[in-house]
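Chemist: Chain residues, written in single-letter form:
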Amino acid sequence: MQQVAAEAEARALERKFDIVVLVSMFLAILSGFHIHQMLTAGDWSFWIDWKDRMWWPVVAPIMDITFPAACQAILWSKFKMPIGATFSCAGLFFGQWMNRYWNFWGWTHYPLNFVFPETLLPQAIVLDGVLMITNNFVLTALIGGELWGWLFYPSNWPMIAPYHVPVEYYGQLMSVADLIQYEYIRTSTPEYIRMVETGTMRSFAGGVLGVSAFFSGFCSVIMYFIWWYFGYFFGWTKFVKHSKV
Amino acid sequence: MAQATTQTVSISIPEKSAFSWKNLWIALAIITVFEIAVNVYERTFAIAKGLDYFTPQYQTYWMSILYTELILEPTTLIALCSWLWVTRDRAMENLAPAEELRRYWNLGLFVVVYTVLLYWGASYYTEQDGTWHQTVIRDTDFTPSHIIEFYQSYPIYIIAGVGSMVYAMTRLPAYARAFSVPYAVLVGSPLMIFPNVGLNEFGHTRWFMEELFVAPLHWGFVMFGWGALAILGTWLQACPRVLELIKQVYYGKPATAPAVVLNEPEKVTKMELCEI
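The listed protein sequences derive, respectively, from chains A and B.
Quick note on the numbering used here: the first sequence kicks off at 3 and runs consecutively.
Quick note on the numbering used here: the second sequence kicks off at 25 and runs consecutively.
These aren't lab readings, by the way, just hints derived from the structure by calculation.
A few of these clues could be false.
In silico DSBU-like pairs for lysine-lysine, Cα to Cα no more than 30 angstroms straight-line [said to hold, decoys possible]: (1) B:LYS277 to B:LYS294; (2) B:LYS291 to A:LYS82; (3) A:LYS80 to B:LYS73.
Computed footprint of chain B on chain A; a stretch qualifies when at least three of its residues, placed anywhere within it, have a C-beta under 8 angstroms from a C-beta of chain B [unchecked claim]: (4) 12-22; (5) 124-133; (6) 167-179; (7) 211-218; (8) 228-236.
Every residue, glycine too, gets a C-beta built ideally from N, C-alpha and C.
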């Protein structure tokens with residue numbers, strides 16, 4: 003009887019440690035991922051008028067496959083937990099929304115439909131699914147990485163499409179997104195700062211988005227490989243003796 | 025603090041209160057109240073008193089915060105680490121398994137507090153600065169948002185991170201005579217975000233003012249942010265020992281002695297220890 007009680011207590015204690023590990027992991031990965039994301043792809047994420055067809059679907063997937071790949075490397079390899087990508091992207095999503103709501107809107111009053119973040123969750127679920135089904139990070143890099151790039155724009159399109167409706171404003175053609183940024187003044191982001199598609203003499207106007215998505219899928223494959231091994235590095239369990247430091 | 029001095033074979037099961045959430049709830053309540061107060065202060069005085077550095081109100085309402093926190097933070101860090109060091113366990117080779125397990129629990133709660141503060145610093149107040157940049161054209165490096173972000177929220181999580189590491193080094197055999205690489209990265213790399221402010225402010229003051237968030241000037245923060253991923257290695261390293269201790273304390277199975285762990289900490293990082 004005493005043994006049964008002891009085992010029950012042991013199991014309860016293991017669950018308590020699980021909560022400590024999961025909560026701290028969620029918050030740490032959230033923080034690292036958010037810093038990384040906001041300073042490498044942040045400007046496209048902040049503003050609806052930066053969410054274009056050429057740069058946003060290239061920069062965001064390439065920069066955002068990083069932490070998912072690293073988390074998968076440990077969570078899948080060591081624990082067979084198929085949630086690495088979703089776990090990190092949900093963390094990023096939480097950090098972004100907390101901030102857009104309480105600060106961009108709550109403090110400095112930019113409307114939320116100007117500053118809502120992109121979503122990565124559909125691609126993250128696909129990436130986790132591919133890894134779980136194949137149990138093979140090479141195939142996940144090749145298939146999941148391409149899908150990560152391709153799916154980015156389609157999964158965000160339902161959110162941004164309403165802002166691409168054209169309007170005539172003082173004789174000029176503008177999208178609603180352009181009009182929003184024109185109306186809600188940003189002191190430090192003049193229009194020329196934003197990096198969006200402006201057209202070139204070497205491009206075909208109709209093929210912009212597909213080509214960008216394909217390119218970002220290819221780069222995501224490479225980033226996935228690099229960051230999978232980065233994940234191994236951050237999951238290294240080495241000790242170094244004090245005398246050697 | 026109860027100190028066991030002998031190694032025993034039959035181990036009495038510790039009280040449930042040894043693994044209580046109470047200290048975490050207290051810490052989270054303090055953090056929550058503090059952060060709400062900071063947000064209320066920002067909303068009350070940033071636009072009202074914080075738009076022009078060259079006014080006396082700015083000195084009263086904002087620079088006073090900066091000077092106060094710059095005194096309080098290093099004092100707190102030194103006091104905390106000194107206290108942890110002075111009260112360190114000087115006979116760790118005799119540490120009882122139940123006590124070691126309890127200390128791992130304390131460490132776990134300490135790390136949770138660290139990551140909560142890391143969230144406030146690295147995620148909340150950092151992106152918050154993004155929107156303040158769109159509200160003012162700055163006339164100082166010490167904007168209200170920077171006074172909170174760089175000089176308050178970052179030092180606070182650094183205090184918690186370094187404190188938790190000193191706790192581990194002074195209380196747990198695995199960390200007493202060797203540095204855990206992932207733990208050092210977990211604490212040290214986000215710590216370096218604060219010194220990197222030096223590069224950032226130099227760049228903005230001497231080089232360019234406009235706020236492109238993705239400017240290469242900011243990528244130092246990015247690289248140091250990666251270190252948060254070392255939480256993976258930190259738990260991968262600590263969890264096998266925790267499970268080994270649970271099995272020893274509750275099931276009476278043999279476990280690696282603290283004296284061995286002191287000298288060969290890597291012995292207890294093996295995943296096999298997690299198997300039932």
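Chemist: Please verify the coverage claim for the segment 211-218 of chain A: does it have three or more residues whose C-beta sits within 8 angstroms of some C-beta in chain B?
Modeler: n = 0 at 8 angstroms, threshold three: violated.
Chemist: Under the criterion that the straight-line Cα-Cα distance not exceed 30 angstroms, is the pair A:LYS80, B:LYS73 satisfied?
Modeler: violated (53 angstroms)
Chemist: With a Cβ-Cβ cutoff of 8 angstroms, does the segment 167-179 of chain A contain at least three residues near chain B?
Modeler: Contact hint for the segment 167-179 of chain A vs chain B: violated, 0 residues under 8 angstroms.
Chemist: Are the Cα atoms of B:LYS277 and B:LYS294 separated by 30 angstroms or less?
Modeler: holds (17 angstroms)
Chemist: Do three or more residues from the segment 12-22 of chain A put their C-beta atoms closer than 8 angstroms to C-beta atoms of chain B?
Modeler: It holds: at least three residues are needed, and the segment 12-22 of chain A offers 6 whose Cβ sits within less than 8 angstroms of chain B.
Chemist: Against chain B, does the segment 228-236 of chain A show at least 3 residues with beta-carbon separation below 8 angstroms?
Modeler: With 3 residues close enough to chain B, the hint holds.
Chemist: If you draw a straight line from the CA of B:LYS291 to the CA of A:LYS82, is it 30 angstroms or shorter?
Modeler: Since the Cα atoms of B:LYS291 and A:LYS82 sit roughly 23 angstroms apart, the hinted pair holds (cutoff 30 angstroms).
Chemist: Per the coverage rule (Cβ-Cβ under 8 angstroms, at least three residues), is the segment 124-133 of chain A covered by chain B?
Modeler: violated (count 0)
Of the hints listed earlier, those the structure fails to meet are numbers 3, 5, 6 and 7, in rising order.
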